[in-house]
Each structure stands twice: as structure tokens, then as C-alpha cells.
Amino acid sequence: MWVGLPGVERNAATAWRQRVEWLLLAVVLAIVALLLARSYDRQWLLASRGELDALQQFSHLLHVTVFLVLSASLGGALFWVQRRRQRLSRLISVLRRERRDHDRHMAAVLEHVVDGIVCVDGDGVVLAFNSAASRLFGYAPAEILGRDVAMLMPLRYRRRYQSELRNGMQAGIGNVIGSRREVRGLCKGGREFPVMLAVSRLPDRAGPRFIGLLRDMSETRRAEARIRQLSYYDALTKLPNRNLLLDRLARTLHTAGEAGGCGALFSIDIDDFKSINDARGHGAGDLLLCEVAQRLRSCVRETDVVARLAGDTFGIMLAGLVADTREAAQQAHDLGGRILGRLNQIYRIEDEEVHCAFSMGVALFDVGGDSAEMLLAHADMAMHQAKQAGGGRLCFFDPAMQQLAVERAALLADLHQAIEADQLRLYYQLQVDGEGRATGFEALVRWQHPQRGMVPPGEFIGLAEESGLIVQMGRWVQETACARLAQWVSDPERCHLTMSVNVSVRQLRQADYVDNLLTMLARTGAPPGRLKLELTESMLVGDAGDIIRKMQQIQAYGIGIALDDFGTGYSSLAYLARLPLEQLKIDRSFVCNIEVDEVDAMIAQTIVSLGKILGLQIVAEGVETQAQWARLVSYGCTGFQGFLFGKPGPDCALPAPEGQASSPAAVCRIGVTGA
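Going by this note's numbering, the sequence shown wraps up at 832, each residue one higher than the last.
Simulated from the structure, these hints should not be mistaken for lab results. Just so you know, not all the hints are guaranteed correct.
[Claimed, not checked] Straight-line distance between alpha carbons at most 20 Å, and here's what the computed SDA-like set of lysine to any residue pairs gives:
#, residue 1, residue 2
1, Lys-395, Ala-382
2, Lys-431, His-512
3, Lys-689, Asp-590
4, Lys-804, Arg-582
5, Lys-431, Ser-624
6, Lys-804, Gly-591
7, Lys-345, Ile-301
8, Lys-544, Cys-513
9, Lys-689, Leu-773
10, Lys-431, Glu-507
11, Lys-345, Gly-295
12, Lys-345, Ala-285
13, Lys-689, Thr-676
14, Lys-689, Glu-636
15, Lys-544, Pro-556
16, Lys-395, Asp-461
[Unchecked claim] Quick list of simulated restraints, FRET-style, between CB atoms:
#, residue 1, residue 2, range
17, Ala-578, Ile-705, 46 to 52 Å
18, Thr-482, Arg-341, 48 to 54 Å
19, Arg-706, Cys-652, 28 to 34 Å
20, Ile-705, Arg-483, 33 to 39 Å
Cβ coordinates follow ideal geometry from the N, Cα and C atoms, glycine included.
Please work from the sequences and hints to get the whole structure.
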């Protein structure tokens, strides 16, 4: 039984026994009184025979009286005892019924509790086994009751259990094994599983009994294993992640200090992976990452660590190189070359061929080197240096890279403040036609740093693109340029001019870009027909459909669109036919050598011819000499921009009237303005 008889039943029995004892004592006293009366009868008889008759009558009367008193007392006592017995019987029945109800309730609770409950005696014999325990171990209660509880334990644990049970018996302690302890259970089929066990001793007059509470920890342990897997392994590629790589690297640095060897840490990134993701979908991108992971694993030893660091960036920790730094660098270079060769091979993703290029950075480490985090940062710096050099190559970390990274970080922090502190300036560069007459200006952003002075655009535009500040910066440029364009409406000399503004891919990919642009035009009062947005060919990489839709919306409001730096990017004739363009701009790289390089000259001439076929205006950038202008005019180019006509400046200065010549020969008379 799980519980004993309640104490109220025992107290009622004791009270009844005490009352019966008092009744028996009263009967004994009555009998003693009767005997004393008979003794007096004899004495009186001997003393006076004359009074014999009177005494006999009195004695008879006394006997009758005593008999009646005793009979009445005994009858009353028997009646009282019977009533008390009936009441006690009813009380016992009630207590037994309550006990049965209590036992049923307890049994129901024990049967429905989610944890297994096992009760054993001092010898380890199972006395109780609830349904949860039956489900846990696979035994029916009939199969386990009366048997040794050790059959629920793996063999290697049974001896320890018996020792602890014996020690608990000898010490008389209530808690034999411990409040909570994880042990291994053995189910009927022989499978082991983790169990959280708590065992306590129960007080019992029949001998020591122990009750064990058991909970299956299998799901908990699987969840913990899953958490560890997610904490240290990449879910997609199943490679170790950044955390595990850093942990292994820290251990390797420690052991390398003991062994005296060198090692190398590689950081590998897929060039233009975002373009692949956008063009083919994230599913194809995931398949590509998995294929890259397999190729990386096949290129290294089992002792080397290949990890996915983040996104499309992978890492390799190569240990056990020679102690000499130069030889170790050569080993790392050779392995890096083999890895790049393997990675650059064609991928087949969803029955389509995919070509990828990879940038790789390498950081060597030896005894007493930097921390794991610092080494990984060095490898990342080298990888980004490889990307900036054009990608598809390997680059070793140089301490100068770290200094450059520190400077870039400081510059980025200053750039954040520059936008808020009104340190940006807008400069304007003149655009002319074939006769040198002004047709418009291009707005160019400049940064007036409080300590550095004027920061060249090449030093901060790339930072703004990488950090996302280009969106906020581009919004400011458009707002300022549109405000200037609105001022020209009432200026007879400038009311016909256009304003060209560069738009970054990050800006155009903003969902509300078109709405914000139209709101800005309405707020500033700038005429949409005089605004021209310059886009680069890189915008066509990825989701070109969304870009084209936005361009069509912009064109529908009369805003002109130009394709900047044409010939240096990714555009094709098919895209050019689809794009709502009105102007192509020949990149300055083709213009600067147009007089001496026939290839550049042919490219420039081809672009002009292509523009005529497509019905587009052609503007040549970077025109600096009269000869360049003359050559371009001979090709049929109709628009020009460069230092020959004016340097960028804060004022929209127009050429002097005498500078408006009808031929390139008069270029020397055009006023060159700028700041």
C-alpha cells in the first residue's frame, strides 16, 4: 500500500477499551459489596437467633436489591457497550471507505503522473510500478513486480547501485542516491537511455522502503545535442562554424607553442555571390555553398579544419607547417593555388552551369603569435585586399593592411558624423555640346573634413557603399541638386540646362525610392524634365527586372535616365534594347588614350555608333584636350564633359560667350572654371 491506516481509527479503539475497563471495575465492586453483606448476615445469626427471621427477611430483601441493582447496571453497561460498538463499527466503516477512496485517488494520481514511479523494499524488490514507468522501460507491471529493480539498470551500474543501497541501509539515511542524479536506464529491448532519478526513503513499520522518481531525458539530451550542433556547426553545409574554428585555432596556437611549428589561416569568399543569389534564387545559392564546402573538404587533410564563417565566406585552418616562416608561406601559397584552381572549376547547379571566382586571404601564425580572433581578422583583411585588387586571387596579410583597416574604420566613423554635421558639399561639372555650348551640369559630392580638408571621392564613396550610408548621402545629393535645379527655372541663362545626378544601386533597390524621388521634386519645385539620373551597369546584375520597372516608372514622369561608365560593366545589347534610356556616357578610361591607342579609339567609335542605332545621346567623359574633343566630334559624339570645359566647382559657372565655338578648334577660348 502507498499509505498506512489513519490515526483516528486507533484513537477510537483506545477510548472504547478504557470505558469497558471502568464498567468491569464497577461490577467487581458490586460483587464485593454483596459478599460483605452475606458475611454480616452470618454474624448477626450467631449473635441473636431471635432476630433470625428479621434478618433473613432483610437479607433476602438486600439480595434482591443488590441483584436488581447489578442487573440494571450490567444491562445498562451492556447496552452502552453495544451502542458504542455500533458507533465504532460505523466509524471504522467510514474510515475504511475513506481509506479506499484515498487509495484509489492516490493510485489514479500515480497512474497519470508523467514521471515514472518505482517503489522497492530494502532488498531492492519492486513493490509498485506505475504506468509511466511501464511506458518508460517497456515492462508490464506484472513482469516487474516482485523482481529485483536492478534489471532496470545496465549491468555496469548494478554493482554501484547495490553498494549505495547497502550503505544507505546501514546509515539509516532517508536519501540513498541523491535528490537528483542522471543515470542510465535499460529498457526491455536492451536499449539504454538517460534517466533523471531521485530516490527517497519512506517510513514503514514493515521495513525500509524506497521510492524512486524517474524522468526520461532522451528528448532533453537530443535537444541539447541539437543546440550544440547549431552552436558549433553550420546548418546548411554541416561544416564547423566560426565559433568552432576559433576554438580549434586557439587550441592549435597553444599546441603550436609546444611543438614549435607554423600554421596558416585562410579566409575564402565568393566574388559576386549576391548577384548569383539574386539571379538564380536563394535555393540555387544554397546548393552552390554546399558544393563549395565539399570541394574545400576534398582539398585538405582530415586534420585540417574547414569552416563556414558567414554567408559566402569560408575558412580553413592549416596546421603542421614547417617552422621556417618563408617555407610555411610557400606551402600555404601552393595549397591556396590548388584550392582556387579547384574552386574555379564550373559548377552545375539545377542543370545549369555556374562560373564563380573566389578571393582568398591568408594569415600565417607561429609560436607566441596573435590571438585566434586577431588572426581571423588578419585573414579577412587579406581576403578583402584580394577583392579590391579585382578578385579571383590570393593575398597574404601584411601589417600595413591592419593600419589601412584602422584608418578606414576611423574614416567611416567620421563619415557618419559628416552627414549630420553638414560637412558634405555639392560640386557641379559642366557638360557641353559639339559647339561648346552648355547643356547641363553633373552634380558631384565632396566632403569637407574639419581636419583633413577636402577628402577625395575615391576615399569615401566606396566606404559609403559598403556601409549603406550611400542611401542617406544620395538622398541629400538629390535634394540639394533638385533645389539648385529649381532655382534655374527663373534664370534665363540656365532654365534650359539639365542636372545629372548619380544614383547608387543601393538607392534604386529601396522599395520607396520612386515615391521619395517624386515627393522630393514636388517639394523643391524642380522640373522633372530637366533632371537626369545616371545609373551604372552594375545595377543590371541580379534582379534586373525590378530595376527596369523602376526606370520605366521614373521615365513616365519625364525624368531622363543615362547609363554611366558604359563599356566597363556587364550590360549587353539585349539589356540596352530593354532599358528606357536616353543617354550613354563613354567612360573616361576609353577617352584618355583615344589619341594613341587605336583599340580605345575603336571602342569609343563603336559606342557612338551603337548609340545612334539605339537612338540615344552620347556623352564622353574625361575630355581634357582639344585633340580628344576633335576626335570624338569626328565620330559623331554630341555631348562632352571634362577638365577641358571646366573643373567641378561649387558654382554652376557657364562658359564665356566667346567660348561657344562652332568647332573644336575654338576650345582654347572656352573659359575653364572650378574651385
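Each hint tested on the structure:
no.: 1; hint: Lys-395 to Ala-382; verdict: 14 Å, holds
no.: 2; hint: Lys-431 to His-512; verdict: 13 Å, holds
no.: 3; hint: Lys-689 to Asp-590; verdict: 16 Å, holds
no.: 4; hint: Lys-804 to Arg-582; verdict: 15 Å, holds
no.: 5; hint: Lys-431 to Ser-624; verdict: 16 Å, holds
no.: 6; hint: Lys-804 to Gly-591; verdict: 18 Å, holds
no.: 7; hint: Lys-345 to Ile-301; verdict: 10 Å, holds
no.: 8; hint: Lys-544 to Cys-513; verdict: 13 Å, holds
no.: 9; hint: Lys-689 to Leu-773; verdict: 14 Å, holds
no.: 10; hint: Lys-431 to Glu-507; verdict: 18 Å, holds
no.: 11; hint: Lys-345 to Gly-295; verdict: 5 Å, holds
no.: 12; hint: Lys-345 to Ala-285; verdict: 17 Å, holds
no.: 13; hint: Lys-689 to Thr-676; verdict: 16 Å, holds
no.: 14; hint: Lys-689 to Glu-636; verdict: 13 Å, holds
no.: 15; hint: Lys-544 to Pro-556; verdict: 18 Å, holds
no.: 16; hint: Lys-395 to Asp-461; verdict: 15 Å, holds
no.: 17; hint: Ala-578 to Ile-705: 46 to 52 Å; verdict: 37 Å, violated
no.: 18; hint: Thr-482 to Arg-341: 48 to 54 Å; verdict: 51 Å, holds
no.: 19; hint: Arg-706 to Cys-652: 28 to 34 Å; verdict: 32 Å, holds
no.: 20; hint: Ile-705 to Arg-483: 33 to 39 Å; verdict: 53 Å, violated
The structure fails to meet hints 17, 20 from the earlier list, while all remaining hints are met.
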